[in-house]
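Participant: Construct all of the structure, not just a fragment, from the sequences and the given hints.
Chains P and Y are the protein sequences, given in the same order.
Numbering follows my numbering, with no gaps: position 77 of the first sequence is 65.
Here my numbering = 1-based position in the second sequence + 19.
These are computed hints drawn from the structure, not numbers from a lab.
Don't be surprised by glycine CBs; every beta carbon is placed ideally from N, CA and C.
Some hints here could point you the wrong way.
[Stated by the list, open to error] Only pairs whose alpha carbons sit at most 30 Å apart, straight line, appear in this in silico BS3-like list of lysine-lysine: (1) Y/Lys605 with Y/Lys576; (2) P/Lys28 with Y/Lys355; (3) Y/Lys415 with Y/Lys301; (4) P/Lys17 with Y/Lys170; (5) Y/Lys346 with Y/Lys281; (6) P/Lys34 with Y/Lys177; (7) Y/Lys177 with P/Lys28; (8) Y/Lys86 with Y/Lys73; (9) P/Lys17 with Y/Lys177; (10) Y/Lys446 with Y/Lys533; (11) P/Lys34 with Y/Lys170; (12) Y/Lys657 with Y/Lys576.
[As the list claims (entries may be wrong)] Have a look at the derived ranges for each label pair, beta carbon to beta carbon: (13) Y/Leu56 with P/Ala3: 28 to 34 Å; (14) P/Tyr30 with Y/Asp377: 33 to 39 Å; (15) P/Val0 with Y/Tyr167: 20 to 26 Å; (16) Y/Ile185 with P/Ala50: 22 to 28 Å; (17) Y/Glu333 with P/Ala3: 43 to 49 Å; (18) P/Tyr30 with Y/Glu678: 51 to 57 Å.
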Amino acid sequence: MGTSFRPVAILVELAILMGMIYCLFTGGKFVLSDLGLDTKYYPFIKWTLIIMGFLALVFFAAHLITFYPRISPVSGV
Amino acid sequence: MDSINPLFWTRQEVYIVKIFMPIVIGFLFLCIGLLALFVLSFWQQHYRLWRLGKNEDCSGQIATRLKTLLAVVFAHFRVGNEFYPGTMHFLIFWGTLFIFLGKIVRLFSYPIGLTNPPQTIFLYASFISEMGGMLVLIGGGLAVFRRYILKPPRLETKPNRTLIFIWGVPLLMTGYFIKGYRIAAAGVDIPPDWFSWAPVSYLVSRLVLVLPTQPLNELLIWHRVFIHALPAFLLFAYIIVSRSPLQHLFLSPINIFFRSLKPKSVLNPLPDIEEAESFGVKEISEFTWKQLLDLEACTNCGRCQDVCPAHLSEKPLSPRRMTQNLKEHLWREGPKLLSTPPPERDPEPILGTTVSEDELWACTACMACEEVCPVYVEQIVRNIDLRRYQVLMETKFPSGLKLAIKNLMNSQNPWGMSRGLRAEWAKSLRASILSKGADRGILFWVGCAGSFDDRNIDVAISLVSILQSIGIPFWILGTEEGCCGDPARRTGNEYLFQTLAQANIEVLQKYGVKQILTMCPHCFHTLKNEYPQFGGEFHVLHYTQFLADLLSKGKLKLTKPIHKVITYHDSCYLGRGNQIYEAPRKILRAIPGLKLVEMERHGNRSFCCGAGGGRMWMEENIGKRINQMRTGQVIQTKAALIGTACPYCLTMLGDGIKEMGQEKTLTVFDLSELVERSI
Chain P
-11 MGTSFRPVAI LVELAILMGM IYCLFTGGKF VLSDLGLDTK YYPFIKWTLI IMGFLALVFF
49 AAHLITFYPR ISPVSGV
Chain Y
20 MDSINPLFWT RQEVYIVKIF MPIVIGFLFL CIGLLALFVL SFWQQHYRLW RLGKNEDCSG
80 QIATRLKTLL AVVFAHFRVG NEFYPGTMHF LIFWGTLFIF LGKIVRLFSY PIGLTNPPQT
140 IFLYASFISE MGGMLVLIGG GLAVFRRYIL KPPRLETKPN RTLIFIWGVP LLMTGYFIKG
200 YRIAAAGVDI PPDWFSWAPV SYLVSRLVLV LPTQPLNELL IWHRVFIHAL PAFLLFAYII
260 VSRSPLQHLF LSPINIFFRS LKPKSVLNPL PDIEEAESFG VKEISEFTWK QLLDLEACTN
320 CGRCQDVCPA HLSEKPLSPR RMTQNLKEHL WREGPKLLST PPPERDPEPI LGTTVSEDEL
380 WACTACMACE EVCPVYVEQI VRNIDLRRYQ VLMETKFPSG LKLAIKNLMN SQNPWGMSRG
440 LRAEWAKSLR ASILSKGADR GILFWVGCAG SFDDRNIDVA ISLVSILQSI GIPFWILGTE
500 EGCCGDPARR TGNEYLFQTL AQANIEVLQK YGVKQILTMC PHCFHTLKNE YPQFGGEFHV
560 LHYTQFLADL LSKGKLKLTK PIHKVITYHD SCYLGRGNQI YEAPRKILRA IPGLKLVEME
620 RHGNRSFCCG AGGGRMWMEE NIGKRINQMR TGQVIQTKAA LIGTACPYCL TMLGDGIKEM
680 GQEKTLTVFD LSELVERSI
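Facilitator: Below, the structure written as structure tokens:
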């Protein structure tokens, strides 16, 4: 069960992690905007965050595929 | 798998010492930083802006303020008046509080020795957190459904609102995942009561996968705690530093605490009216600090918009939008003002940039917006402050109002009738009412409508007839009575109001008046609540209070039946302004044969007739006519009579009936007329 369930679990974890990253980046962008950052910097910030988000996605996917557990607590296998 | 922890995580010393404690200590340090950030940001973003405003004394009556604050925050007084949003907010609020309660117990229990040896409180803390999370998920789900599926027009969804929902979901999920993983890591033969203490996490624990050794599992738990705690911490930082709608967490309670404790729509006199060079509000720093706090505290919930007669009649005013626009104006202009020395400041005017003239003059000052606001934002006084600048500094009035103001100046009544004719209506009555002096009994303050308007003269005569029939001694000022000043004050002409008020107070004091009976709720409100600002302290009663009291004491007996169905229209200044809802209904219920039915909008939710805030004297060229809308609401009740206790409402509803061709089926009466018929 553990092995067959693993890809789904990894996808759920990945969605949560990327959700977090999205929130942190978007929150950061709003803070800069609220603090009065000039709008001319918005495209730069947007692309920086997109690139960082993509790097985070690659890292998390690789990390989870490599290290994510394989044993089910129900069956112990 | 290594050893199983038999008592849930209460004996997970490894977990507590190696994983939990370092995170607790780390986050305690971060909390100090967060607190410092909050203080700095609060000062920088909010307090400095409020300090731009003028002084306003909101101190005193601490116990009352605290009581309201606790009632609104914890019992959802006002918030809960609307079922769906009230329930939604209640679930989110209490759910979050439960989560915090559970977290705090768990965060601080170990350092103070609660968990070693194991304590039951730890298990309850777990349960409370679990339930809190579920409440937030249900409440949040309701909020998402309402905002993104139902989409009521009053809600405005900006990206920073959406972000809160997105942020909340993974936070809750990772919270459940931590505990679920800890249960899963405990092994296959876990004690049966674990499900009871952590039902959701237990279900999660059946789905997650685990690593083969305890040290590896500890490492994974550490990962999960970090992934949960860091974004939670950053969410707090985000709320503090940005202008997120979640700042209502602290701005709304502050505003509720400092709310005005005066009756609604009581205006402050302009200070130094003879000496001052500017009157009213032209730019943002001319508001008081509390009015600026009001702007920031507005949660954009839109309840005010849903009840505003101007908005519902398709006029360009939305109290929600106006407050939000002023808030953005404050955020835009405030920092500029702060960074410029006062002599060099050139602030942007509000009128014409942020608030339009049509918006400003559309307000009927009916207080419906203030009655429903869950955070006690005060709109009426603010609007009239803006009107004061328009009228006193720019001499700008809506066209119809010019004549009424001119009449008030010249004749002390908005109809422009000669002051010498003020007592003409009473000449056919017993002459003794014109004999003046406090020893003559109660003073009947007739008001301009009762003195000059044909329809309302009938009401004044009815009231006199009632008083005479039951032998209540009373008298009137006659030609010495002037307009109370309400139309001038609500339209921003404070100078004229003060002139009228002071003249009236002098006359009233000359005769040693103690008790005044009014026919008009506007006169009642002004004399009772605003004349004391100028030394005019009198015991003022509206006639509905007076008659209801006579009925209670058995001094007034109504015997002749009126076999009709009636609906009562609450006057704004009697109801919302002065909380008089029951007395008029008591009178109607005392009339034999009369059946009272209520409109959907009655009591404190009553819909304005359209005449308040000086609108009685202005043209209504935009959108639907408010009096017709109200008449339409009456028609829905299938009542044959409308009862009211306000000259303005009587006039407006009478016009509404005519305009809608309902003269044959619907008639409007003042309550005194019905009482007179029933005696």
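Participant: Going through the numbered hints above, which ones does this structure break? Give me the numbers in ascending order.
Facilitator: none
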